[in-house]
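Trainee: Top to bottom, those sequences are chains A and B.
Throughout, our numbering is defined as the position within the first sequence, counted from one, plus 303.
Throughout, our numbering is defined as the position within the second sequence, counted from one, plus 303.
Simulated from the structure, these hints should not be mistaken for lab results.
You may find that some hints are simply not true.
If chains are identical, the list can't say which one is meant, so a pair holds when it fits in one copy or spans any two.
When the alpha-carbon atoms are kept at most 27 Å apart in a straight line, the in silico DSS-like pairs for lysine-lysine are as follows [as the list claims (entries may be wrong)]:
| hint | residue 1 | residue 2 |
| --- | --- | --- |
| 1 | Lys-404 | Lys-586 |
| 2 | Lys-405 | Lys-587 |
| 3 | Lys-595 | Lys-404 |
| 4 | Lys-404 | Lys-349 |
| 5 | Lys-612 | Lys-333 |
Okay, here's what each chain looks like letter by letter:
2 protein chains.
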Amino acid sequence: MQRILYTILAAFVMALALGPILIPWLKRMKFGQTINELGPQSHKVKQGIPTMGGMIFALPALVAGVIFAPAQADWQIVAMPFVCMAGFGLIGFVDDFIKVKKKRSLGLTPRQKLVPQILLSIGIGVWAYLHPLIGSSLVVPFFGVEWNLGWAFIPVIAFVLVGTVNSANLLDGLDGLLAGTGAIDFASMSLICALLAAAHPDMESEYLATAVFSGAMTGAVIGFLRYNTHPANVFMGDVGSFAIGGALAGIALVTRLSLLLPLIAFTMLISSLSDIIQVAYFKKTHGKRIFKMAPLHHHFELSGMPETKIVTMYDLTTMALCLVALLGFTA
Amino acid sequence: MQRILYTILAAFVMALALGPILIPWLKRMKFGQTINELGPQSHKVKQGIPTMGGMIFALPALVAGVIFAPAQADWQIVAMPFVCMAGFGLIGFVDDFIKVKKKRSLGLTPRQKLVPQILLSIGIGVWAYLHPLIGSSLVVPFFGVEWNLGWAFIPVIAFVLVGTVNSANLLDGLDGLLAGTGAIDFASMSLICALLAAAHPDMESEYLATAVFSGAMTGAVIGFLRYNTHPANVFMGDVGSFAIGGALAGIALVTRLSLLLPLIAFTMLISSLSDIIQVAYFKKTHGKRIFKMAPLHHHFELSGMPETKIVTMYDLTTMALCLVALLGFTA
């Protein structure tokens, strides 16, 4: 377990150190956020704050994760969450880059973003399906059973990956919101993997490897919070939100715990659901709205709740749900 | 370990539920904060926000801690942290009550506060000294040795108790500052006690009891954060800060880990030290100041750092130091 603690600390220190180097550089390169015209009025003050800050945690997480990965673990299990994080992060990076260069708030068109995401997800799904330690079944938490999906495992995993990445992206709308809830998720997954490592001696190294990667994400994202907390000095951008979504779904994939995601990543889920419900209702009623604005955190904002309070509420909800998740892995 | 998780969740839910009952009542009873005239100018807006909110976490922590305490543990070891928390909390309660009723910012005079604190601390010190499972020695973390203080254990513990309680009180100066750092401390101590319970079968129930109490404090304080985070709807008051300081020192006392406090409660320590240095320097130089204002968080505030950023910085520092502390209890 010391290995996990050292990983968290190393990633944390690296992210803290990277902030004062990257933030002024992003500013000089004019990677400032072009605020979405569809967002709340009050967000106009955020114009000009640099984005693409996700690199502040993505790079330290990669470095710390590689340094502290246990040497004797199956290399594909070690690599898969890295590939998910870096792969989706890269798609987000391209999107951010185009967004800034074209001075458009929306970057790639939805289709241009979705096609590479789906292709990457299917590739990862096939890889996992063919791997002897993952295969075609998911663990059903709290019930101690496994659910064999057969070949349907591949589209299901692709859906989970694309869904998680885009939900994380939607949740990234308030200072410290995705970073805070994400850090709690990664810390919980790291602890769950450490408990699984202790309980399964035959898979100890593999679970430990995932605990280390999750710890690297925890420490790095917490370090990033130093700069992203309200009032934010930097935004994570799509490179950041895609990396967080990809990393989380990747950790769930190699531990076959994807069914745990709706619980621990509940705040991501409601961001997506509120968005889908809002659009569907709007179309069906030809112009009526259920929420004042979607995703849900903007609804709370327009209802008069201070930004910092909404972020705390989401953090506390995530903590409580992660504690419930931990109940499934303890005696 | 499930017992600890249930305790955290129960205390969290109780504190969340108690907030909307107690806060309006405190307002009606006019237990509003009279802001210290010596604090920063910007704090004047906080006039009228109810104080004594510490009851929102102290009561749920007591209830959850009692409900989930393991039945077979030594009852004195179970009771000691409760006594520390409730005893100092009660002194704080009296102070708050007088403060509000007299409309004075400072409540009891320093001496009126200190005398009962010292008496309570000596009593607790004697109790611990005479208990066969505690005795006169402290664990030296990271070195695996014990330091036998003999009868000096009693004044040392009294000093630790009084020092921790008053340092916690000094740290309680920004929205969510003491609650956030305190929650991190309690969560860490709960995890450390759970690890000690697994490592020491002969003391398993006693360590588990302390892990449960620490978990109760964690959950309750996190629930309180819902209302105390910036912009605060309620302040914890001396009843809250004394209860947090007392609980933390009490947990350290029964686990004989008092020497761990300067590390995990470092932010409390620097609050006290900065205050002492400021006053000593001021007296020695006949009017010069080292810090723009003491305790240190007010110095950062007057240096132009936003309140929420200072709180995050203190939280992150505490997290990192708690991770370092955990290194001393893991393989």
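Trainee: Please sort Lys-405 with Lys-587 into within, between, both or neither, judging by C-alpha distance up to 27 Å.
Mentor: Classified as neither; 34 Å inside a copy, 61 Å across copies.
Trainee: Using 27 Å as the alpha-carbon threshold, which applies to Lys-404 and Lys-586: within, between, both, or neither?
Mentor: neither (33 Å within a copy, 58 Å between copies)
Trainee: At 27 Å max between alpha carbons, let me know whether Lys-404 reaches Lys-349 within a copy, between copies, both or neither.
Mentor: Answer is within: at 18 Å inside a copy they meet the 27 Å cutoff, but 44 Å across does not.
Trainee: When Cα atoms must be at most 27 Å apart, do Lys-595 and Lys-404 count as within-copy, between-copy, both, or neither?
Mentor: Neither: 31 Å inside a chain and 43 Å across chains, both beyond 27 Å.
Trainee: Measure nothing new, just compare the shortest in-copy and cross-copy C-alpha distances for Lys-612 and Lys-333 to 27 Å and report within, between, both or neither.
Mentor: between (31 Å within a copy, 24 Å between copies)
Of the numbered hints given earlier, the model fails hints 1, 2, 3; all others are met.
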